[in-house]
Amino acid sequence: MGKLHARKYSEIKEAALVGVADVDGKRAHEVASLYGVGAYASHMDLIGKVDAVSVVTPTESHCDVALDFLSRGVDVLVEKPIAMNGEEAGRLIKEAERMKRVLQVGHLERFNPAVIALKGRVKDPVFIESRRLSPFPNRSIDIDVILDLMIHDIDIILNLVASDVEAVDAVGFPVLTGMTDMASARIRFKNGCVAEVTASRVSDERMRRLKLFQEGSFLTVDFANQLVSETRARRGEGASGSLVTEEIPIEKKEPLLEELRSFVDSSLAGKPPLVSGSDGKRALEVAQRVQDSVRRKGSEASKAPKAAL
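The sequence shown maps to residues 341 to 649 in this note's numbering.
Hints in this document: simulated from the structure, not taken from any laboratory. Ideal Cβ placement from N, Cα and C applies to all residues, glycine included. One or more of the hints may lead you astray.
To be verified - Below, in silico cross-link-like pairs of lysine-lysine (BS3-like), each with a Cα-Cα straight-line distance of 30 angstroms or less:
1) K459 with K348
2) K551 with K459
3) K611 with K459
4) K551 with K463
5) K343 with K389
6) K343 with K611
7) K463 with K440
8) K366 with K348
9) K389 with K366
10) K637 with K611
11) K348 with K530
12) K551 with K593
13) K353 with K637
14) K343 with K593
15) K611 with K353
16) K593 with K348
17) K348 with K434
18) K530 with K434
19) K463 with K348
20) K440 with K343
21) K353 with K463
22) K551 with K637
23) K459 with K440
24) K592 with K463
25) K389 with K434
26) K389 with K440
27) K343 with K353
28) K353 with K593
29) K353 with K440
30) K592 with K459
31) K463 with K530
32) K611 with K592
33) K530 with K459
As the list claims (entries may be wrong) - Here are the computed distance ranges between Cβ atoms for each label pair:
34) N565 with K366: 52 to 62 angstroms
35) P398 with A573: 43 to 53 angstroms
36) S382 with T585: 52 to 62 angstroms
37) I588 with E545: 20 to 30 angstroms
38) T585 with S401: 37 to 47 angstroms
39) L597 with G376: 27 to 37 angstroms
40) G378 with K530: 42 to 52 angstroms
Input sequences plus hints: build the corresponding full structure.
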């Protein structure tokens with residue numbers, strides 16, 4: 341992901357890519373040489389050279405690395421999840437506020453044109469169903485599928501439902517990593533809306549889809565293909581009538597490029613980012629409630645009496 345960030349920054353005319361830092365010096369030089377910029381063995385070597393940075397490191401180092409920059413007056417985009425826990429996320433938010441710096445969290449799907457197209461069309465959803473499936477990845481295996489994939493949909497759903505979460509019930513299973521590689525969660529909101537969220541990184545297919553049901557219509561979102569449709573009953577016809585589906589026009593764009601452009605714009609203007617530190621913290625805390633529920637279910641299963649053979 342760091343290599344992808346570097347490439348996209350090099351395409352943004354309002355920004356000048358300065359350098360790449362990586363604890364793997366060979367990797368730093370490999371990426372930096374592609375864009376004719378400096379290569380550094382430590383992120384601290386960038387201090388004094390940059391106005392803004394992307395922190396694209398293993399999750400366990402997000403807090404320490406981002407704090408090093410924020411405390412020295414550098415704007416930060418930190419990849420999702422924002423940190424390892426709510427306490428770390430709170431420290432980042434507090435430091436960004438103290439230093440009056442931009443803190444953006446890399447919830448990439450918020451910049452997907454399909455998600456943006458939902459604006460003005462979502463009104464008091466009653467049920468949301470999302471499925472995010474992918475083959476086993478070659479990255480992000482330092483975290484489970486809940487923080488790796490499911491958190492994308494959690495963030496989107498939290499942004500669509502104007503209510504606090506009331507309860508979370510989830511199941512999950514390790515398959516290849518010793519951590520949860522597939523999980524399904526039921527998130528109930530205080531206003532009555534329910535979201536069923538499924539994520540797997542051990543699937544033989546790729547799927548990134550969401551359905552949102554509300555009074556009078558339902559919306560279908562295909563994140564991968566950037567498609568959105570809205571289905572309603574034909575006017576003048578009730579439940580026995582036919583349905584009509586409207587394909588919503590979308591100008592397809594590259595979400596990562598749009599995310600980084602938005603971050604650069606926030607940094608230049610000193611304005612709040614689209615995905616704030618508080619947004620990242622809220623998504624993380626709900627994701628950790630999913631993890632807690634998965635652990636409880638696993639503990640209960642291990643204590644259950646075994647059937648006799």
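For each hint, the structure was consulted:
At most 30 angstroms may separate the alpha-carbon atoms for a hinted pair to count; K459 and K348 meet this at roughly 26 angstroms. Restraint check for K551 and K459: satisfied, since their Cα atoms lie roughly 15 angstroms apart, inside the 30 angstroms limit. With a C-alpha separation of about 21 angstroms, the suggested pair K611 and K459 falls inside the 30 angstroms cut-off, and the hint holds. Between K551 and K463 the alpha-carbon distance is near 14 angstroms, which keeps this suggested pair within the 30 angstroms criterion.
A hinted pair counts as satisfied when its Cα atoms are at most 30 angstroms apart, and K343 with K389 qualifies at roughly 19 angstroms. A threshold of 30 angstroms between alpha carbons decides the hint, and for K343 with K611 the separation of about 26 angstroms falls inside it, so the pair holds. For the hint linking K463 to K440, the alpha-carbon distance of about 34 angstroms lies beyond 30 angstroms, and the restraint is violated. Annotation: proposed proximity of K366 to K348 holds, straight-line Cα distance about 21 angstroms (limit 30 angstroms).
For the suggested pair K389 and K366, the alpha carbons sit about 21 angstroms apart, so the restraint of at most 30 angstroms is met. About 43 angstroms separates the Cα atoms of K637 and K611, which puts this hinted pair outside 30 angstroms; it is violated. Distance hint between K348 and K530 is unfulfilled; the C-alpha atoms sit about 40 angstroms from each other, more than 30 angstroms. As the CA atoms of K551 and K593 are separated by approximately 21 angstroms, the hinted pair is consistent with the 30 angstroms bound.
Under the criterion of a C-alpha separation no larger than 30 angstroms, the hint pairing K353 with K637 is inconsistent with the structure, at around 50 angstroms. Taken as a hint, the K343 and K593 pair is honoured in the structure, with Cα atoms around 19 angstroms apart against an allowance of 30 angstroms. Distance hint between K611 and K353 is fulfilled; the C-alpha atoms sit about 19 angstroms from each other, no more than 30 angstroms. The hinted pair formed by K593 and K348 meets the criterion: a straight-line CA distance of about 13 angstroms does not exceed 30 angstroms.
For the suggested pair K348 and K434, the alpha carbons sit about 29 angstroms apart, so the restraint of at most 30 angstroms is met. For the suggested pair K530 and K434, the alpha carbons sit about 28 angstroms apart, so the restraint of at most 30 angstroms is met. As the CA atoms of K463 and K348 are separated by approximately 34 angstroms, the hinted pair breaks the 30 angstroms bound. Restraint check for K440 and K343: satisfied, since their Cα atoms lie roughly 28 angstroms apart, inside the 30 angstroms limit.
For a cut-off of 30 angstroms, the pair hint linking K353 to K463 is broken: about 37 angstroms separates their Cα positions. With a C-alpha separation of about 27 angstroms, the suggested pair K551 and K637 falls inside the 30 angstroms cut-off, and the hint holds. Restraint check: the Cα-Cα separation between K459 and K440 comes to about 29 angstroms, which is no more than 30 angstroms; the hinted pair holds. Distance check on the hinted pair: K592 and K463 sit about 24 angstroms apart at the alpha-carbon level, within 30 angstroms; holds.
The suggested pairing of K389 with K434 holds, with an alpha-carbon distance near 24 angstroms, which does not exceed 30 angstroms. Distance hint between K389 and K440 is fulfilled; the C-alpha atoms sit about 19 angstroms from each other, no more than 30 angstroms. With a CA separation close to 18 angstroms, the supplied pair K343 and K353 stays within the 30 angstroms bound. For a cut-off of 30 angstroms, the pair hint linking K353 to K593 stands: about 17 angstroms separates their Cα positions.
Note on K353 and K440: the hinted pairing holds, with a Cα-Cα distance of about 25 angstroms set against a maximum of 30 angstroms. Annotation: proposed proximity of K592 to K459 holds, straight-line Cα distance about 16 angstroms (limit 30 angstroms). Pair hint K463 plus K530 holds up; C-alpha atoms about 16 angstroms apart against a cutoff of 30 angstroms. Of the supplied pair hints, the one linking K611 and K592 holds, its CA atoms being roughly 26 angstroms apart against a limit of 30 angstroms.
For the hint linking K530 to K459, the alpha-carbon distance of about 22 angstroms falls within 30 angstroms, and the restraint holds. Restraint check, N565 to K366: a C-beta distance of roughly 37 angstroms breaks the suggested window 52 to 62 angstroms. The beta-carbon spacing between P398 and A573, approximately 49 angstroms, falls within the hinted interval of 43 to 53 angstroms. Separation of S382 from T585 is about 54 angstroms and conforms to the stated range, judged on CB atoms against 52 to 62 angstroms.
At roughly 25 angstroms, the beta-carbon separation of I588 and E545 lies within the given 20 to 30 angstroms, and the hint holds. Between T585 and S401, the C-beta spacing of about 46 angstroms keeps the proposed range 37 to 47 angstroms intact. Taking 27 to 37 angstroms as the suggested C-beta distance range, the pair L597 and G376 does not conform, at roughly 20 angstroms. Against the hinted window of 42 to 52 angstroms, the Cβ-Cβ separation of G378 and K530 comes to about 50 angstroms, which satisfies the hint.
Hints 7, 10, 11, 13, 19, 21, 34 and 39 from the earlier list are contradicted by this structure; the remaining hints agree with it.
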